[in-house]
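Chemist: Single-letter residue listing:
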Amino acid sequence: MNIEKIFKITIVIGMALLLATIVRSGNSGVDAEIEWKPKSLQDVYREVIFIPSRDIILNVYVKGGRIDLYFYSMRDGNLYEIIVFKNISRIYEKIHIDSRGFYEIVFKPLIEEAEIKVSYECITIGIEKDLFQLGSSLTLIGILALILSKIYKKYHFKRR
Amino acid sequence: MYLGRRLKIYLRELANIILLEINIMWNRPILYFNFLLLILLTLACYPSGPLPCYSLSPKLDPWDMLFYIGLALHKSSVGLTALLVVVSVLSWAGSIRRGWVKNILTLPVGRRTLFIAKMISVSLIPYLTFSLTHIFAQVYLFHYIYVPSLLLIMFLVALHVLYVFSISTLTSLLIKDIVGSLLLSLAILMLPSWEELPPEFSHFKPEECYLSTFKFISLYMYSHNRKRIYLAFIKSISDILALLIVSIIASIFAYFYFKKMDID
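For the protein sequence lines, the chains are A and B, in the order given.
Just so we're aligned, residue 1 is where the first sequence starts under the working numbering, counting upward by one.
Just so we're aligned, residue 1 is where the second sequence starts under the working numbering, counting upward by one.
If you are wondering where the hints come from, they were derived from the structure by calculation, not from laboratory data.
For clarity, every value in this text was computed on a predicted model and none was experimentally measured.
Don't take each hint at face value.
[Said to hold, decoys possible] Derived CB-CB ranges, DEER-like:
1. A:R66 x B:A158: 51 to 61 Å
2. B:W63 x A:N87: 30 to 40 Å
3. B:I24 x A:A32: 48 to 58 Å
4. A:S28 x B:W63: 47 to 57 Å
5. B:A82 x A:N87: 54 to 64 Å
6. A:L19 x B:S193: 55 to 65 Å
7. B:A82 x A:L140: 29 to 39 Å
8. B:P199 x A:D98: 44 to 54 Å
9. B:L128 x A:I151: 26 to 36 Å
10. A:N78 x B:Y140: 37 to 47 Å
11. B:R97 x A:L19: 27 to 37 Å
12. A:S99 x B:R97: 45 to 55 Å
13. A:S136 x B:L128: 15 to 25 Å
14. A:L19 x B:L11: 20 to 30 Å
Backbone N, C-alpha and C fix where the C-beta goes; we use that ideal spot for every residue, glycine too.
With the rest of the complex left out, here is chain A (with noise of 0.2 Å):
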């Protein structure tokens, strides 16, 4: 096997990343329904979640009282707070995310001993960066690397 048909083989992965990026880029998502009487402002509720590196839509929808939403990252064992919604009872809102892995979301009441319901929504929109990243990190060096290695035989040739 000669070493442009290796740079090629790269090209054609490559490609095959791009394009089961797009196809993979189709929207789902997971939703629940969360009742809980709180005991104290301390009685929190939390939900882990993975999630690709696409972008989500966050729908939450809260019955019988407001709450405070925490969005962290789960990364090494710590939590990095991603964004913080404060005294809400309805948001719809698009959050960017970075890399794929775990996040988790906290419910945090704001008055004690009072039923609540919240109804939220998690919603995938976009592609997956880190596929998308990869596919074309691939597809450019085949190409470059072809590109590279063509030059080089014609000067090679021409010299001897």
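Assemble chain B onto chain A, guided by the hints.
Modeler: Chain B alone, transformed into the frame defined by chain A:
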């Protein structure tokens, strides 16, 4: 000492024939199509949306993951079957038609060596592409590394490849015509999916063994219902055995037929 030298010479001869076969069979359009089809199909079959975790730890639910993996293998295996049928029919019926098999047998190459070389050269590239793409999907897309599942994928894909290769080889050698062998191989492989047939025929569907085996593994690990585990085990074992037995019989029959057949 003498045996070792003979084995070395035989392996070198085999490696040369495999390389030659790969160069001839896996010409550019087929090779690129193989990568495009299998990577695209495999990645399209895995979920791309958010996945809930049923505990508060950053870990995907293994039950869900095994289900997703089994389902993705089940769905994407159709592409592997179709590609393997085309490649093995072209490799056998195509090269017999073009007189390439006759030419190579004029060299000091035995029919056994040629048969093994064709088997490896046809199956190796789709096998590696398909199984490595599934492993990539699990490790890269879901950060899910579970070694038994990775090993199981390697084994089940090997079984699938052997099954499809043996059937298409046998039909190609019997018919020696590209279109006829292609149609007959596809008919044999698709026949168990026909709804009119009794359910026992589903054991001969290569894609079925992925679902049943992953279902058994997830039940074995996370269920306490012994009857369900036992039934899943029986289904999984019978699917694997059905494919294995048919593959072995078809391969042996194809090999002996090839040894005795008149290439002209």
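Chemist: Each hint needs a verdict: does it hold in this structure or not?
Modeler: Cross-check of the supplied hints:
1. A:R66 x B:A158: 51 to 61 Å: Since the Cβ atoms of A:R66 and B:A158 sit about 58 Å apart, the hinted range of 51 to 61 Å holds.
2. B:W63 x A:N87: 30 to 40 Å: holds, 38 Å
3. B:I24 x A:A32: 48 to 58 Å: holds, 56 Å
4. A:S28 x B:W63: 47 to 57 Å: For B:W63 against A:S28, whose Cβ atoms are near 19 Å apart, the range 47 to 57 Å is violated.
5. B:A82 x A:N87: 54 to 64 Å: Given about 57 Å between the Cβ atoms, the range holds.
6. A:L19 x B:S193: 55 to 65 Å: violated, 27 Å
7. B:A82 x A:L140: 29 to 39 Å: Given a distance of about 31 Å, which is inside 29 to 39 Å, the answer is holds.
8. B:P199 x A:D98: 44 to 54 Å: This hint holds: roughly 49 Å between Cβ atoms.
9. B:L128 x A:I151: 26 to 36 Å: holds, 31 Å
10. A:N78 x B:Y140: 37 to 47 Å: The hint (37 to 47 Å, Cβ to Cβ) is violated, given that A:N78 and B:Y140 are roughly 23 Å apart.
11. B:R97 x A:L19: 27 to 37 Å: With Cβ atoms ~34 Å apart, the hint holds.
12. A:S99 x B:R97: 45 to 55 Å: Check passed, 53 Å falls within 45 to 55 Å.
13. A:S136 x B:L128: 15 to 25 Å: holds, 24 Å
14. A:L19 x B:L11: 20 to 30 Å: violated, 39 Å
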